[in-house]
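Please build the complete structure, drawing on both the sequences and the hints.
For the record, the sequence lines run as chains A and B. Going by the working numbering, the letters in the first sequence line up with residues 1 to 473, in that order. Going by the working numbering, the letters in the second sequence line up with residues 1 to 473, in that order.
The reader is advised that the hints may include incorrect statements.
Since the list gives no way to pick out one identical chain from another, each pair is judged satisfied if it fits inside one copy or across any two copies.
[As the list claims (entries may be wrong)] With a straight-line cut-off of 25 angstroms between C-alpha atoms, the simulated DSS-like cross-links for lysine-lysine are:
| id | residue 1 | residue 2 |
| --- | --- | --- |
| 1 | K138 | K164 |
| 2 | K227 | K169 |
| 3 | K425 | K227 |
| 4 | K376 | K418 |
| 5 | K376 | K425 |
| 6 | K66 | K171 |
| 7 | K376 | K209 |
| 8 | K226 | K410 |
| 9 | K226 | K164 |
| 10 | K164 | K425 |
No lab work stands behind these hints: they were computed from the structure. These numbers come from a predicted model, not from an experiment.
Number of protein chains: 2
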Amino acid sequence: MDPEEFRRCGTDMVNYITDYMDTIRSRLPFPDVQPGFLREQIPDEAPFHGESWENVKNDLERVVMKGLNQWRSPHFHAFLPIASSFPALLGDMLAGAMISSPGTWTSNPVGTELEVSMMDWLAKMLQLPQQFLFSGGKGGGCIQASADDATFVAIISARAKVIKQFKDKTKGQVLDKLIAYTSEEAHSSVEKAAHLALVEIRCLETDDKFALRGTTLAAAIREDRKKGLIPFFVCATVGTTSTCAIDNISEIGPICEEEDLWLHIDAVYAGCACICPEYRPWINGVEYSTTFSINPHKWLHINPPCSAFWVKDQELINEPLSVDAMYLRVRSASNGVTMPDFRNWHVQLTRPFGALKMWFVFRMFGVHGLQERIRKDMAMAKEFEALVLADSRFEIVADVVSGLVCFRLKGDNAQNEKLLSMIDKSRRICITPSISRGIFYLRFCISVYTTESRDVVFAWEVIQHEADALLSS
Amino acid sequence: MDPEEFRRCGTDMVNYITDYMDTIRSRLPFPDVQPGFLREQIPDEAPFHGESWENVKNDLERVVMKGLNQWRSPHFHAFLPIASSFPALLGDMLAGAMISSPGTWTSNPVGTELEVSMMDWLAKMLQLPQQFLFSGGKGGGCIQASADDATFVAIISARAKVIKQFKDKTKGQVLDKLIAYTSEEAHSSVEKAAHLALVEIRCLETDDKFALRGTTLAAAIREDRKKGLIPFFVCATVGTTSTCAIDNISEIGPICEEEDLWLHIDAVYAGCACICPEYRPWINGVEYSTTFSINPHKWLHINPPCSAFWVKDQELINEPLSVDAMYLRVRSASNGVTMPDFRNWHVQLTRPFGALKMWFVFRMFGVHGLQERIRKDMAMAKEFEALVLADSRFEIVADVVSGLVCFRLKGDNAQNEKLLSMIDKSRRICITPSISRGIFYLRFCISVYTTESRDVVFAWEVIQHEADALLSS
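Written as structure tokens, this is what we have:
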């Protein structure tokens, strides 16, 4: 395909995407397919000779759309959001055409420096302490491939720091005694990061709002020190996946400082809302953290992957993540200014020019535009909560503080599981469940910008309709 | 931005990309900027109110192009290739509009199943043993976020397996004795993966072709067992980054089997060429490996990230990488067919719908089209080699078996470093150096499909011109 042919096919694709988004309301929010459905639909090996673009295009509806969860549908309320916006897509189109990896400054100078600037822009939007800014001192931020990567980088860097402190012991001897903490409501990726780092992790009890409190953490640390263990790492969550609970950072932070533990704050979803002054208090105490992470690809309209990750002192993560190879060595990075080589900030060497889409989105939305979107989602969640509260058969499971509403029938788990299964079968909306302290409930999330007030009402009508059928049967 | 506005802006971007690729020859292959250049060019915080698309578009040349390494330029011969093609870009455009993450089957059924099919298609193109195919038994493949991730997943899975074997010891006691092997010419990511996994790694000597041989590995294992260490993992390279050396898999494989070591084959670049029958012998012995990886984003015209990774037995990697969370549990994956939940194959939960661009590329190029591209690159490398050999001032450093030519002036390292610096200053071509056994040399790689025979001649003229100046000064 030469450039002129791309002009034609690319325009085709822009039109297909436009039409797709124009008609998104008419598509099933999740597909009616069973595992294995695809094998009958496509050949079992690649063609030897190339096919035309028209052939491929003709298969999009038959193959792709038929089996797709429509995360862009206004009726998709599952999980937590994954963002996508047209400005971000434009940025990714250009990045995909240029493919210039900012693994080192020399391999893509503008990719590196735009990432430096965008991480500082976003840090300012969040009112992060100066230490987290490139322009503020020893800290800075980068785009990680995922929040899982962010947590993993935090924990292995904390591990490196503590192993260094025990010079008289082997790494294995230290490792056998290390203990990390998070809450029982934390995301599965925290436990996964600990597994990968080969360290034990305790998932601590939360309060009646599903939040981790300082007293609980302090007691666990005391208990473990008595056992001869070495507490070294805490992952606090601002906005848990199940209920959007906010751990109490103001209590947890000072304890981490006093006990010399590395505090990582996982604020992937709710942290995005902290660009609004009224929600910023959620991360009060962030100055006690060593590393901090939000996912702009959740609620700031930037396509994934875009996990923003900051550290107070670059050296703390660069040292455990650096390897030197001649073919990577810097050629020209010197005239008094030092720019980061982002390969030393994470696992990957080749990495996308991800700052481009951030730049597009921050400029085309503006801070105000992003704030308004968040406020609109919050308001719609409140609308949904009011609808639930007005129906005495239902109850709200957790405070509604974000775009997420957790609710259930005032009945047993089996009844709620049955209700979910009936809603699923209707295929009119897509929601997902969770379970906390043995209680099974349904989660309704404002997941996508296509959702409007009328869709909230529609979703509630679907749920009520299925509840009517269930309770009268 | 509503869909209709995207129709306009998206078409704008398609035109910009087309014009960019149409004029790529006229752009400097790498930019004339110094670290810190960007700070003067853009504001130091995000705008409060949104800007127009036209504003952003007007900054593309001034800001982005000014500081970009032009990896798409026919005169870019640095590192190893990172692929980009129009068919892949079309796939990424659509994936970016839909944003549907195949972290689990239920979160994106077609994304999951198309990945299953594409990994099988590619395995067949490479003539991998049946065990690596989903349709062949217990194995299968997935897209990793990078080759670094692939190696990391391999080593931590091998680590989990061996820790399980020593049930009478703590994990720390086992860890302190674990030893992994690779060659001194292996990619830096192998050493990095070992660091992250907290295991020791020995970088073994290579033969006169920079390849790891069986006898060297066997001797190291014997030596380490005598010391009481526990050998557990070998990473062999098919196509090293410095010289594209091919480790001898046929020798290494049987040793790994006999000694019960996990063999991972890192074939990121040269492995792509194994879709051509004439290069397939490079991976003879692959049946001895437990995990195997190539980067289609290097030489199969698929935009990054696309690191293909296969394992003989899914359980070997799923067990150490699985965590269970209610909000991730499978709802409907059951009617006799089991499809993978790819979140259990790697670090990331949210992951791109990467199979789409593979499907586009495999269909629109066809196997034959991809083979012909590789053969063309090989032929151009041979042309360049002939030019070097015809100039008695130069020597070839390693056998030219791929698109990479390693060469140097028959002089000392300082002279070659000086030559590189002069070539850099000319800014007419971009090449990068490496060093093996203390010898500094220059690397010329056919990196991008825009490069033609005349560009090879041009590059050699630039190099000769600078060499003339250097040697006459």
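To see whether the hints hold, each was checked on the structure:
With identical chains, the CA atoms of K138 and K164 are at most 25 angstroms apart within one copy only, with a shortest distance of 20 angstroms there and 41 angstroms across copies. In this homomeric assembly, K227 and K169 come within 25 angstroms of each other (Cα to Cα) both inside a single copy, at 18 angstroms, and across copies, at 19 angstroms. In this assembly of identical chains, the alpha carbons of K425 and K227 never lie at most 25 angstroms apart, being 51 angstroms within a copy and 62 angstroms across copies at closest. In this assembly of identical chains, K376 and K418 lie within 25 angstroms of each other by CA distance neither inside one copy nor across copies; the values are 31 angstroms within and 60 angstroms between.
Taking the closest pair of Cα atoms, K376 and K425 never come within 25 angstroms of each other, the shortest separation being 29 angstroms inside a single copy and 53 angstroms across copies. Taking the shortest alpha-carbon separations for K66 and K171, neither the intra-copy value of 51 angstroms nor the inter-copy value of 47 angstroms comes in at or below 25 angstroms. Only within a single protomer do K376 and K209 lie at most 25 angstroms apart by alpha-carbon distance; the minimum there is 24 angstroms, versus 63 angstroms between protomers. With identical chains, the CA atoms of K226 and K410 are never at most 25 angstroms apart, being 43 angstroms at best within one copy and 66 angstroms at best between copies.
Proximity of K226 and K164 under a CA criterion of 25 angstroms is satisfied intra-copy only: 22 angstroms inside one chain copy versus 28 angstroms between copies. Neither within a single protomer nor between protomers do K164 and K425 lie at most 25 angstroms apart by alpha-carbon distance, with minima of 55 angstroms and 43 angstroms respectively.
When the structure is compared with the earlier hints, violations turn up for hints 3, 4, 5, 6, 8, 10 and for no others.
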